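Combine the two chains into a complex, taking the hints into account.
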Amino acid sequence: MLIDINDVSHRYPGRAKPVVDDLSVRLDERRIAVIGANGSGKSTFARMLNGLVIPSVGSVNIDGLHTSRHGSQIRKKVGFCFTDPDSQIVMPTVAEDVAFGLRRRGWSKAEIAARVDDQLATYGLERHAEHAAHLLSGGQKQLLALASILVTEPDLLIMDEPTTLLDLRNTRMVADLVSGLPQQVVMVTHDLDLLADFDRVLVFDQARLVHDGPPAEAVAFYRALMGVDA
Amino acid sequence: MMHASLYRPGNSVLHRLPAGLKLSVLLAAGGCSILVRTPTQTTTALGCVLLGYVVARVPARAVLQSLRPLLWVILALGLFQALIMGWPRAFVIVGVIVALVLLANLVTLTTRTSDLVDVVVRLSRRVRFLGMRPESIGLMLSLAIRAVSLVAELADRVREAQQARGHTISPRAFAVPLIVGALRRADEIGDALAARGYDD
Ligand SMILES: Nc1ncnc2c1ncn2[C@@H]1O[C@H](COP(=O)(O)OP(=O)(O)OP(=O)(O)O)[C@@H](O)[C@H]1O
Ligand SMILES: [Mg+2]
Chain D
493 MLIDINDVSH RYPGRAKPVV DDLSVRLDER RIAVIGANGS GKSTFARMLN
543 GLVIPSVGSV NIDGLHTSRH GSQIRKKVGF CFTDPDSQIV MPTVAEDVAF
593 GLRRRGWSKA EIAARVDDQL ATYGLERHAE HAAHLLSGGQ KQLLALASIL
643 VTEPDLLIMD EPTTLLDLRN TRMVADLVSG LPQQVVMVTH DLDLLADFDR
693 VLVFDQARLV HDGPPAEAVA FYRALMGVDA
Chain U
2 MMHASLYRPG NSVLHRLPAG LKLSVLLAAG GCSILVRTPT QTTTALGCVL
52 LGYVVARVPA RAVLQSLRPL LWVILALGLF QALIMGWPRA FVIVGVIVAL
102 VLLANLVTLT TRTSDLVDVV VRLSRRVRFL GMRPESIGLM LSLAIRAVSL
152 VAELADRVRE AQQARGHTIS PRAFAVPLIV GALRRADEIG DALAARGYDD
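Residue numbers (this note's numbering), protein chains in the order written: chain D, 493 to 722; chain U, 2 to 201.
Just so you know, the hints here were simulated from the structure itself, not pulled from any lab data. Being a predicted model, the structure only gives us computed values, none of them experimental. We treat Cβ as the ideally placed atom computed from N, Cα and C, and that holds for glycine. Don't take each hint at face value.
Claimed, not checked - Label-pair ranges, simulated between beta-carbon atoms:
#1 80(U) to 505(D): 23 to 29 Å
#2 162(U) to 629(D): 16 to 22 Å
#3 656(D) to 162(U): 16 to 22 Å
#4 602(D) to 153(U): 46 to 52 Å
#5 76(U) to 675(D): 53 to 59 Å
#6 672(D) to 152(U): 32 to 38 Å
#7 657(D) to 141(U): 25 to 31 Å
To be verified - Far from chain U, some chain D residues (derived; all Cβ distances over 12 Å):
#8 513
#9 567
#10 614
#11 646
#12 669
#13 703
#14 717
The shape of chain U in the complex, shown without the other chains (with noise of 0.2 Å):
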């Protein structure tokens, strides 16, 4: 499954800390992720972030499931390095981008997804750019947030019906049932944000 990092419900410390105090701490680690330089300060790294998977209580199989889509990407780069630079540091560029990501996926897993979006329109009630109403940017992270699902969705379907017929997926004749069925969806979706009185 492509949708794997959504919000968990629990009660541990990390679910109860703040979603601003959260994705503070995600941007700090990104911005402190390029000062680490050798193999201890990465497995260092590497445990802080799996020891807050303990905390919040997440099961393991959560955690592979978050990097799975990313597995493939991971293992190109960390040989290309490998052979480049050698294995030590192979292992710091693989490592810190591995760290990040379950950092992340454990903010999204731990924080609702609603409490994520207060905390932008918080910042873009400050902000205030483009003239945009806050609310309005809250309302289209939430749209695109559940528009990743339903295309991840759309896109099983369309796989699925494909090899039912007996293709092989050939990039053409995925994306174009792809696309119409999307632009469809966001016809209806539209259609229904309407219907639900949010046309203003």
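Bound conformation, chain D alone (with noise of 0.2 Å):
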């Protein structure tokens, strides 16, 4: 999809400095990430891609959809992966919980219920189908709330920290796993390991983008930004 960002602007209400000031930057690269310092308004500019933060200035258009008049039509297309997997598994069980994107699509219980049952198997979580979400362990409800979002087929994932609370092997599985999907993915990071095979690298500094490149150049000029030495 492309992502067409012109003149953005945007402010919290009741902040005086923006959290993304001045953006115009245009993105179709099949891999793409998102670094920089804590509050340098990552998560804010992942937000404005699926209409979940309107900028206060400027627009943003996801394959020619206006983020401020087609949001819920956008958002069936762009799949969003929170950092906190408790904060989006909405359903009781795992395999409701899967079930939960599919319900709108006015397909029989069964048609559903074949879906998920795929689905929890690719993830490798077909023995907990029947389990209470909040008792699989972190690595597993993140792959859950992957599993989740990716039913329904989104044309573009975006994902805010998905590694951030896990551990070294779950990291390395989310990352695998997210290599290997057709979808284009934009990915917010503070891991960067995670870069390697990402096409196009952002790199946000107080609400600006400071740089945008492949990405070890944009990992040398992170670290010369942070004063930190490779």
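Okay, here's the thing in structure tokens:
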């Protein structure tokens, strides 16, 4: 999908400083990463891409659809994975959470159940289908969150620090899963090890896009910016 | 653990009964409970419910777990009734409550939450009260059920954090982070629902 951002600035109500300042960028690569210091505006940027945040100035277009006018239409095609799986699992059990996104498709119960079983098997969660979602481990919860988002087959997946709460092995697992996805991905992350196979990396600092390029270059720029040597 | 009574997969007769029937039986039992007067009737009721647990092949541990949150209330009530009305009456009252709680728990243990929610959705389709969409009612119910486990988890975390910092638990020091945490969670879940296409 073509993400087209035109002269966007965003200020949260009651705040003097903008959290995204005068941003214009067009993105259509398959793997796009966003890095930058805490508070630099990455999450706000990510949430603009599916219309959860509507910028106070400027426009965000996803495949020609304007986020302020076509929010719910866009969200049907754009999946969003949050940092904390606990706040994105909305149903009591594992299978029900995966089924949740399919409920409005007018499918029969049997069709939904078959699709859910399939999806759980793909993500290695089939043994937990009837378990309470809150009893899964952190890594399994994030897997479930991803399974639930991807079951609706979005064209674009936005992820805001999907591995921050995960251990090394689960981080690896999520990273491998993401790199195998056919979808276009925009991932916000603090884990610079994940960037290697990305096509394009955006570096944010103090509400501004300060660098835009291939991973190695962007990471070098970011380290220098933070005053940390490689 | 507070969140004991969630569906346990199985394929006993009780698991396979329709959810609507199980809910009706539960409602009927609730209604009939006021007719129970003697210790013998109470024992019979308790026996029937426990038999249900055997049929559903639920381990005894789960039975005890479902009563644990109520333990103090039951003990206090039993003692109070015993002092005022005597032991037989206390046994009847406490026994009936325990039987009903166990029966309700048996229903949730042997029925998928989504099936229970479906029953409510079907009923509200007939009623269509307040002009609400039955599907939204179902969603609200599921969310409420999910919220219980989230808040229980949050409460555990707040308590642990306070103990770790050497605080004894004062109600205010407990309530404030719990409410703030719950509101933040609610906010995040609202976003997650919108992100998953449920914003219209
Ligand atoms: N809902 C909100 N209301 C007001 N201010 C907000 C809100 N959300 C974020 N902010 C502020 O906007 C700024 C940028 O926040 P944002 O979450 O986009 O940063 P970030 O780059 O994702 O940071 P981190 O790496 O810590 O996740 C911060 O100063 C933050 O306090
Ligand atoms: Mg962030």
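(request) Please flag the earlier hints that this structure goes against, numbers listed from lowest up. (result) Going through the list in order, the structure violates hints 1, 4, 9, 11 and respects the others.
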